[in-house]
Amino acid sequence: MAYQLYRNTTLGNSLQESLDELIQTQQITPQLALQVLLQFDKAINTALANRVRNRVNFKGSLNTYRFCDNVWTFVLNDVEFREVTDLVKVDKVKIVACDGKKTAFETDVV
Amino acid sequence: MLSNSSHVPKLYLSIIDDVIESMREVFLDEGLEDRVLDDLRQLWESKIMQSKAVDGLALMKNTINSSNFVLQLPPNYGQTFTKPAASMVIPAGQHVQSFTAKNNGGTLATFSLPPGMTYPVQIPAGVTLQTASGQLYKVNVPVMVTQTPAGHHHLSQAQPRQGVPVVEWRDPSSASQQSATVVPSTVLKTMALPKTEPFPPQPVAPPRADPQTTEQRSLIPPVQPPNEKPLLPQPVVQPPVQENNLVQQPQVPSAQATFSSQTPVSFQPPAQPPSHPPESPFDSGDFTLDGIDFDSPQPLDMSLSSGSAHMPSLQVKMETTLSEGSGFMGQGSEFEASEMVKQEDHGGAVADMTTHLEGLPVDATKLEMALLKDYNYNDALADIIQLDGPADSSSEEVEELEGGAMGENEFLGMMTVEALQALQEVDGSSDDGISSSSGDSVGMDEITVEEDPLNSGDDVSEQDIPDLFDTDNVIVCQYDKIHRSKNRWKFYLKDGVMCYGGKDYVFSKAVGEAEW
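Taken in sequence, the protein lines are chains A and B.
Counting along the first sequence from 1, when you hit position 33 you're at 33 in this note's numbering, and nothing is skipped either side.
Counting along the second sequence from 1, when you hit position 6 you're at 6 in this note's numbering, and nothing is skipped either side.
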């Protein structure tokens with residue numbers, strides 16, 4: 001079991017939409033769609049952990065913070081994202097972060 | 001920008017590959033064909049492409065075998081064409097002059113994508129495709145050519161896929177029905193339509209070509225076998241309602257749904273519900289009710305003249321409606337003979353009214369007639385009186401009247417003396433907007449509106465919260481450590497996917513600072 005956090009990304013949302021379309025045309029069952037999403041969770045967690053190797057810095061002002069169920073949610077304003085090569089500025093950004101410690105998640109699994 | 005943006009498509013591709021491959025067995029176990037899995041993949045990738053969050057070309061590199069798509073045209077396709085439009089604009093900024101094409105026997109037009117182009121291909125409206133032999137096909141509606149693995153399988157589908165619009169190739173030379181299949185491995189989808197159309201086209205069954213010809217050009221899965229009736233009725237309901245000039249009598253599917261660039265998209269719905277159903281059941285009666293507002297005797301006279309001859313029937317009607325009504329829609333009235341109408345007991349009142357009517361002088365009778373008609377109308381419409389909510393604020397004796405009395409001040413109708421008195425009481429006692437309100441339910445609404453701001457004054461940040469968290473720039477990640485001292489926060493994050501400025505990024509580590 002892996003975090004279902006990444007379902008709300010471009011990749012995850014497009015997968016969910018596609019699955020919904022297939023369900024509507026009754027080409028797959030909802031149960032199967034759920035299986036696909038679980039598989040997606042695993043795949044993306046693995047991919048991010050293993051295949052990505054870059055670092056980003058950011059700086060801004062904190063508008064709100066929230067910590068609930070071990071999930072941090074921040075809203076930042078006027079943020080600058082800096083990577084090695086470039087700089088991007090945004091007015092508002094929302095950060096949703098789950099606990100990154102390995103044990104934290106796995107203990108929840110029944 | 002280089003490092004991240006080149007990583008992202010590859011990463012996404014690898015994730016997609018992982019997921020699809022690992023699901024392949026599961027799909028087969030479920031008894032599903034490979035086709036379904038490939039469909040899923042296509043859909044997934046096309047949506048990612050559409051979101052433009054990723055560099056699309058890189059994503060689609062390794063998914064196609066052939067770079068050709070073939071349009072199969074009916075043999076009677078005209079040879080004359082309009083002059084070519086400007087060069088086509090293909091996504092990712094590549095400009096291509098024309099697709100090279102092979103023309104086989106006049107029934108097939110094969111377009112091959114120029115090198116470097118991959119599916120799906122967007123073809124915006126107004127673009128003309130040119131075959132090698134010089135034939136031109138003009139695209140009136142933006143289309144997107146994607147690739148499906150199988151060839152003719154979609155021919156057997158009789159139902160249009162939901163939400164998938166169909167586009168027609170316009171034949172500039174004739175308005176005859178055009179249809180052609182796209183063979184073997186491509187599917188054309190329409191993109192969002194040009195602005196001339198208020199709605200994106202619903203799936204439209206392609207109009208019939210000659211029934212005997214089996215070559216049909218249908219641009220999407222709703223390809224219909226030649227003998228089936230088109231499925232136009234249901235999908236194409238909305239646009240024609242808007243486009244009044246195009247609503248026509250239901251017709252055979254001849255010359256249907258030919259998109260033309262000169263005029264707004266012309267849908268010819270074969271069976272349209274009448275766009276203007278009868279306005280009210282009372283219009284078709286023997287008399288016309290000029291709305292509910294009777295402010296002067298003149299409209300009364302007009303309606304009276306037509307209705308006076310029908311007094312007996314009116315009385316009968318009155319009986320039935322009055323007996324149903326639980327109360328009065330008290331209508332502001334300038335009619336002083338209202339005393340004759342008792343509203344407490346409608347059943348008994350009917351007899352009273354009829355006898356009274358007969359005994360009245362003619363003029364009064366006429367007025368009363370009109371009022372009765374009007375009452376009839378209103379009562380039937382408004383049997384339910386709201387006795388609670390904003391109407392509940394006054395004393396009980398006026399409760400029964402309030403619901404109708406309050407909002408209906410303007411309306412001519414029957415009012416008892418009690419009702420008038422009650423109104424006056426209400427006006428005096430409650431100053432918070434109940435009295436002298438205009439319109440039916442506006443009176444009610446004004447009260448609620450005034451009360452709500454009072455209650456919601458406690459809530460300071462009500463507007464902030466939903467808007468605040470609603471943003472497109474989202475980072476989804478995991479946190480290693482979140483640190484704060486005083487109002488300085490430090491974030492140590494990892495394994496994140498970011499989307500901002502409409503683009504996707506990823507990181508394995510992110511460090512940030514912010515002041516609260």
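Treat the hints with caution; some may be incorrect.
[As the list claims (entries may be wrong)] List time: in silico PhoX-like cross-link candidates among lysine-lysine, alpha-carbon distance up to 25 Å:
no.	chain 1	residue 1	chain 2	residue 2
1	B	K509	A	K92
2	B	K509	A	K42
3	B	K509	A	K102
4	A	K42	B	K490
5	A	K59	B	K47
6	A	K101	B	K47
7	A	K59	B	K481
8	B	K503	A	K42
9	B	K486	A	K94
10	A	K102	B	K503
11	B	K490	A	K92
12	A	K42	A	K89
13	B	K509	B	K10
14	B	K52	B	K486
15	A	K102	B	K47
16	B	K52	A	K102
17	B	K486	A	K102
18	B	K509	A	K89
19	A	K101	B	K52
20	B	K52	A	K94
21	A	K42	B	K486
22	A	K59	B	K490
23	B	K47	A	K42
24	B	K494	A	K89
[What the hints assert, rightly or not] Sample of chain B residues lacking proximity to chain A, with all beta carbon distances greater than 12 Å (derived):
no.	residue
25	I16
26	D383
27	D388
28	N455
29	N473
Hint data in this document are derived by calculation from the structure and do not stem from the laboratory.
Ideal Cβ placement from N, Cα and C applies to all residues, glycine included.
**OP:** Given the hint that A/K42 pairs with A/K89, test it: the Cα-Cα distance must not exceed 25 Å.
**Re:** Status violated; Cα separation ~31 Å.
**OP:** Could you grab the alpha-carbon distance between A/K101 and B/K47 and see if it respects the 25 Å cut-off?
**Re:** 33 Å, violated
Original post:
Given the hinted pair B/K503 and A/K42, is their alpha-carbon gap at most 25 Å?
Top reply: With a Cα-Cα distance of about 23 Å, the restraint between B/K503 and A/K42 holds, given a limit of 25 Å.
Subject >> Straight-line alpha-carbon gap A/K102 to B/K503, limit 25 Å >> reply: It is violated: about 29 Å lies between the C-alpha atoms, which goes past 25 Å.
Original post:
When you check the alpha-carbon spacing of B/K509 and A/K102, does it fall within 25 Å?
Top reply: 16 Å, holds
Original post:
Closest CB-CB distance from B/D383 to chain A, is it above 12 Å?
Top reply: 41 Å, holds
Original post:
Closest CB-CB distance from B/I16 to chain A, is it above 12 Å?
Top reply: Given a closest Cβ separation of 8 Å, the condition is violated.
Subject >> chain A versus B/N473 - minimum CB to CB distance exceeding 12 Å, so not interface >> reply: Non-interface label on B/N473 violated, nearest chain A Cβ at 4 Å vs cutoff 12 Å.
**OP:** Would you check the hint for B/K52 and B/K486, treating anything up to 25 Å between C-alpha atoms as holding?
**Re:** 40 Å, violated
**OP:** Quickly compare the C-alpha distance for A/K59 and B/K47 to 25 Å and report which way the hint goes.
**Re:** 32 Å, violated
Original post:
Does the alpha-carbon distance linking A/K42 and B/K486 stay inside the 25 Å limit?
Top reply: Distance of about 38 Å is beyond 25 Å: violated.
Original post:
Is the straight-line distance between the alpha-carbon of A/K102 and that of B/K47 25 Å or less?
Top reply: Distance ~32 Å between A/K102 and B/K47 Cα, so the pair is violated.
Against the hints set out earlier in the document, violations occur for numbers 4, 5, 6, 10, 12, 14, 15, 16, 17, 19, 21, 25, 29.
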